[in-house]
Amino acid sequence: MGLAYKFDWSVLWRQPYGMWLLKGLGLTIVIGLSAWVIALSLGIVIGTLRVTQYRLVRFVSTTYVEVFRNIPLIVQLFFWYYAGPMLFGETLSREINHISGLNFYVAIIGLGLYTSSRIAEHMRAGFASIGRDQYQAVLSTGMTRVQMYRYVIIPYALRLIIPPITTEFLTIFKNTSVAMTIGVAELTFQSYQIDAETFHGLEATTGAMIIYLFLGLGVVKFMGLIESRVRIRGLVGR
Amino acid sequence: MFDAVWGNLSYLMGGLWVTAKLAFFALTGGIFLGILVGLARISKRKWIYYPITIYVNFLRNIPLILVIFWFYFVMPIIIGRSIDPFPSAVVSFIVFEATYFGEIFRAGYQTISTDLVNASYSTGMTYFKTARYITVPIAFRRMLPSLITQSIVTFQDTSLAFVIGLPEFVRRASIVDNLEVASIQLFGFVGIVFFIICFIGSRISRHYEEKGRKANIL
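First to last, the protein sequences are chains A and B. Count the first sequence with the working numbering and you get residues 21 to 258, in order. Count the second sequence with the working numbering and you get residues 180 to 397, in order.
No wet-lab data here; the hints were simulated from the structure. Predicted, not measured: the structure shown is a model, and the values here were computed from it. Fair warning: there could be bad hints in the mix.
Non-contacting residues of chain A with respect to chain B, defined by C-beta distances greater than 10 Å in every case (computed) [stated by the list, open to error]:
no., residue
1, Arg-34
2, Leu-47
3, Ala-148
4, Ile-173
5, Met-200
Listed next, the stretches of chain A that the computed footprint assigns to chain B, with coverage defined by at least 3 CB atoms under 8 Å from CB atoms of chain B [unchecked claim]:
no., segment
6, 53 to 64
7, 79 to 90
8, 135 to 144
9, 153 to 161
10, 219 to 232
Going by beta-carbon spacing under 7 Å, a handful of chain B positions derived as facing chain A [said to hold, decoys possible]:
no., residue
11, Leu-245
12, Pro-264
13, Phe-368
In this text, a Cβ means the ideal position worked out from N, Cα and C, and glycines have one as well.
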């Protein structure tokens with residue numbers, strides 16, 4: 021140890037800093053969950069569109085996935101936050117910029133769109149692992165294609181892809197930290213803020229790491245419960 | 180249309196160069212450390228296996244931004260003086276990405292069956308010949324698509340060094356944007372550049388995946 025650094029772990033609970041971390045955690049959870057709702061619903065729809073028989077629909081949904089996957093999340097958030105309002109024209113953009121907590125909504129929407137492209141990819145893999153004969157069996161019962169996807173294929177695929185979906189659910193909470201770059205006061209932002217006030221960023225970020233770790237453990241536990249509930253009986257190794 | 184971009188092109192491209200350098204160090208270091216981490220993760224020695232497993236599982240549950248901050252705070256304490264963002268970012272990326280590369284290598288090692296190794300021994304090959312001609316080439320071809328994909332992810336991740344003030348591509352674009360207020364074209368441009376590079380990378384990855392599937396080794 022070179023510098024005579026004096027650790028002060030009390031920044032983790034001393035007021036107001038303890039409260040900052042707690043508030044940050046609250047925001048992290050709210051943003052993560054809200055973005056998850058967008059990501060899951062949009063991801064299922066787009067993942068399904070990627071396997072339809074219409075070439076144009078396939079092309080559009082594939083482009084969507086490629087665009088959102090191949091651009092870093094931070095760039096996407098910057099684009100939506102700084103350039104997004106301008107896309108609506110001058111008068112409307114001024115209105116939008118006056119919305120209080122705009123960065124909070126941008127973070128949710130941006131993170132939701134980003135994650136939806138990844139879920140769409142997993143959906144596609146799920147569809148691919150369902151045998152051809154399944155599709156034919158469903159169609160032979162007289163269901164239409166839409167009914168087939170709605171009642172059989174999508175629920176089946178979702179149950180198959182729970183492990184990668186769990187990873188995505190974990191990742192979405194980690195990715196909420198990128199929202200700090202557009203000024204959202206989530207957990208990482210708050211730990212950095214404590215450094216700005218006390219110069220004890222090391223303790224604050226270490227504390228935040230532990231909090232993320234417990235958040236992750238909670239997510240894994242929760243998804244484990246879901247998985248055991250919807251498990252497809254008779255499949256090996258699940 | 181892209182006047183704010185053209186007017187500052189050399190400054191922006193300088194940022195892309197910083198991004199490329201950071202990605203290069205992060206990948207070389209991350210893959211090298213990842214090979215060792217992967218070996219440790221299949222080790223039968225408990226004193227190697229457990230610490231490395233804890234390291235991997237710990238870091239994989241933490242946001243990269245936080246890891247970048249943490250190293251930025253801890254490095255001055257270790258080396259005794261303040262540190263530039265670049266070396267600090269390099270260290271955090273190597274330590275962080277090695278956990279992801281390590282898992283890819285572990286999975287790759289584990290796909291080699293003992294039957295294959297025994298078959299190779301039975302033809303009279305030595306341990307090193309087996310490694311040189313059989314196991315390492317096969318494992319490498321199996322891992323290649325995931326390695327390329329993770330490299331693309333690492334390349335995208337470098338943009339997060341923004342948070343400690345490293346003047347890489349994204350930070351330079353936002354500096355220019357503060358002066359010129361041309362967010363659509365600037366961040367649009369950054370997005371397009373990232374897209375082109377990463378899209379080509381993902382096609383290459385898919386190419387090797389198809390190739391591996393055809394050769395029946397995946």
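Indices of hints not satisfied (ascending):
5, 6, 8, 9, 12 and 13
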